[in-house]
Amino acid sequence: MLFFQVLVAGISTGAVYALVGLGYNIVFAGTHVFNLAQGQMLMLAVMVAWTLRDALSWPTVLAVVVAIAVAAVANVLVERVTVAPLRRRIGSADTKIDILASLVTTLGASIVITNLALVFWGPGTRAFKPYFPFHGIDVGRVTLTGQQFLMVGAALLVLLAYQAFTRRTRWGSALTAMAEDPGAAALRGVPVGRGSMLAFALGGIASGVAGAAIAPIAYASPSLGFDFGIKGFVAIAIGGFGSASGAVVGGLVVGIGESIGATYWNDQYRIFVDVILILIVLAVRPRGLLARRGMRLA
Amino acid sequence: MTKRRRGHVSSLQLASVLAAVLIGAAACGGAAQNGNGNNSNTPSSNGGAKGPMKIGLVGAFSGPYAISTKAVADTFRVWVASVNDSGGINGRKIQVVKRDDEGSPQKSVQIVRKLVEGGVKVMVGPVENAPALGSLEQQLDFTNFVILPDQRLNDPSKFPTTFNNYQTPQAEVGTLLNAAKRKGKTKLAVVAADVGDLADQELPVLKKQVKSSGIHLVYKHVYDPQASDFSAVAAKIKQSGANGIALIAVGPGIARFLQSVSAANLDVPIFASSGATASDLSTAPKAITEHQMTSAVVSSAILHDGKPAKGYQKLTKALYAKYGKKSVQGSGMTLQFDSFEMMKFAIEKAGGPDPKKMRKVLESQVKHKSFLSPVIKYTLSPTDHDAFPSTAKAMTMVHPLTSSQWPGYYTSTKG
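Chains as they are written, first to last, in the numbering used here: chain U, 1 to 298; chain Y, 299 to 713.
Just so you know, these hints were derived from the structure itself, not from any lab. Just so you know, not all the hints are guaranteed correct.
With a straight-line Cα cutoff of 25 angstroms, these simulated BS3-like cross-link-like pairs (lysine-lysine) come out [unchecked claim]:
no.	chain 1	residue 1	chain 2	residue 2
1	Y	K509	Y	K691
2	U	K129	Y	K584
3	Y	K624	Y	K368
4	U	K129	Y	K623
5	Y	K623	Y	K605
6	Y	K624	U	K129
One chain only, chain Y, in its complex shape:
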């Protein structure tokens, strides 16, 4: 018999302790990532035919991209609460399964794979990293709803399961050019931000559309987001003889550019893309943001008689009440609500969260279809998964500062 030394722990004891620790860690791990008050840690199945319906919400809840994910998450939670209050979808309440991909495309892929393998077949997002899912979409059976400017997502041959609702470059650019034409501004300087794919996607569309519009592009400048001094850009615009500026940009560079425009006394109208409404313009000259500059926004974000379209009012009030008016950024809120409604429509018609059936429904039945407002009519097809219309009618120009009473909504301008 082996004598045990005092204080010596046997291998068996050590193994027992280790096993206990591991089991305890597994039980506590994945600490509550709940949406809508539900503990949705283990999406082991989708609740059966009568239980809650699990819908994933994937995005960067931490890290530098958390702000945009929060905007989507807030609107989604408010929408889910409203749907559940009305009895859910097909009698089943929605249970949100929230996952943080920390802004990492690799994590997004891992998370979505785990969710799908765990039975969650319908999801909102990944809010930023949807383009990373290309090959996963070819392998697994799920469907996801996003609002992202990446045009690649709209090609079902590459992204068969993604359904996008972002305003198309054609609609955005067409709206800018129509506004310029109405004001008789036919010599445009184009200033674009090298942010994401914004310039890469909208500039070619701009070049194509000006050919038939009677407008000439007299100067083009694509700026690095780190650029801090735009005085030379303003000087070049002056030198070019431009009588209008097309600003295709998003982010803090817009305010800095407008400061240089003001300093140079460049008194020409500025026609900005919708990115301006999602940017912090608090340090931009008010004379420019209130008079000289207009920005394209989706028509559903326009106030009518000082109020949003009827279909959005209840959800918007609930959003303000729960998360505060300051939580709203940009003009994408109505698109988000419509996207969720589109998802609900597909689930209802498919009889449940069945990705294949949902895809068939979306591609065949979403034809010039509106959801919460008759203003925008969405269309999907087997060859195009961006539901937003390509015509300029779906967007309009506004002064870019949001309504203080209804943040996320804007007052239309004649222009």
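Next up, chain U with everything else stripped away, as it sits in the complex:
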């Protein structure tokens, strides 16, 4: 029974990693850019939600929605300031991004965002009031809490919504086309610039939802973004770059791996669990568990 409790803990934490990873992959799939500021979007959502809900006593739902919206807008700003100027003209369309340059500029954005957050909120850690009562539900000998349901539910909801968006909407098809071949998509009339903004907005929403979901059990602090940014990146390294379902699988693998390591080995070696998982995946399937040739969204 303890093992099932360990699995539950790992799945719920992994769901949040999956959301951050999904944010990375949505942006990468649409733009071929690794947005190293993705973790900071989670942090912004947590800090804004705390400010509105706990400091200013806004209703929870409104505070969370605004926090997610702020993360989306912030990510679009990152795109406008650090990615869009890097596009080179190919023919008549702005399509090509220098990947290395975008790594540097988005890393710079993450540092700027973190430092702005430090200036605005200060370095202290804030406690985020729980969404749910403390009592759990016992299913056999496994205790499930509302918080765990929220984290897993949020990840599933975002994944399903995203898959529906890409398969059933015009803009979703446009992003899929950009993922396959941005140049060809541009030649077919897909507005790549606006598509890029949309990809960043959706990536911001994914990370924002992750932040809102984990806020009660994470620490509301400007340094939060770096930690979860790393976890999200590990998730997509394991699950596969550019794959939405790969991000989810990767996140769950990381979450469950950490939970098993913490319980049966040593919680102090948490980072080593991540490293071991990456090494295994690199040895067995270097592109990631669910990565495919050519960029696909799901």
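Assemble chain Y onto chain U, guided by the hints.
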């Protein structure tokens, strides 16, 4: 003769402008880092025999560790104001020389070196980075007063000039175990946070003390501060058959752990170290913090008839008035005041801020000596520079939520 082109600036003019800029920058630089209203930018000397006495205050006034430095700085400023109002030390008023090391050990070393070379030989801190000064203490003549859990600081062979006042692991662990024994809880699960040296210092002491206490440790878990889900830990504690939990932790992880304890209906007493009183427990279940959990605090932080011990009342009121009641964190305020009083005692007996004489005074005359309250008796020696007593009598168990009327003080419990 060389013709000068219109608009061309000669080398001499350029050099003059550059020199003027540099001189101006040097004059304006090191913008006011004043304590107690004094401009203490250039600690060029310690005021002579009759001028103000400069005491350094070194810590992270910026960056992520600023909160803990602020707590020390606030109590120090209030104490300095009180001492100066009473005429100072040996007739000399204290002038605080504040320096920001930004949390960097390297900066701490540079700052302390500069201060000492500039004539400031006595200091409070570095608030976080005292362990970085080891080799500097072997080279330079100064003395510093800290309250830090790092036990290495207490060894004069490694840190000859540091005098520490932090509660010893022996006192802390002994208090927890005594409380567990009194409640008949002899099967303890230990949950510790991997924060700083906390687990490394207190767990070995715990293992040693349980041998003679009749208590068995049935489960041990050291958690990463980033851990967010403790449901598996709670399940393991249940599985182990523990009838009590020893919680050696500090920081936001405590609230998250207590949430999991509540969710798992783990209804066993929790005996926490003093770190719990310095942690934000506002999101922890009240049923646990008010009934199920007790925390060790120094005995000087206990309210008597609803008030602090007499020696702390004036200083505490001044602290609240100047910095607000919310500025107080944890139960370390009384230890801070006692540490400053110990420093004052040493300066008085040494006849001035003379590090060598102060060290002799501290090592020979601080023997079971109390300062602002008779509750705690401090002892220093040439082989141990932690003044806090090693017995469990110097600490007691409380419910960890501070008094709303007297933040930083607690109501004792029978337990």
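Outcome of the hint check:
1. Y:K509 with Y:K691: It holds: about 20 angstroms lies between the C-alpha atoms, which stays within 25 angstroms.
2. U:K129 with Y:K584: Holds, at about 13 angstroms.
3. Y:K624 with Y:K368: The given pair, whose Cα atoms are some 12 angstroms apart, holds under the 25 angstroms limit.
4. U:K129 with Y:K623: Within the cut-off at roughly 22 angstroms; holds.
5. Y:K623 with Y:K605: holds (15 angstroms)
6. Y:K624 with U:K129: holds (19 angstroms)
When each numbered hint is compared with the structure, no violation occurs for any of them.
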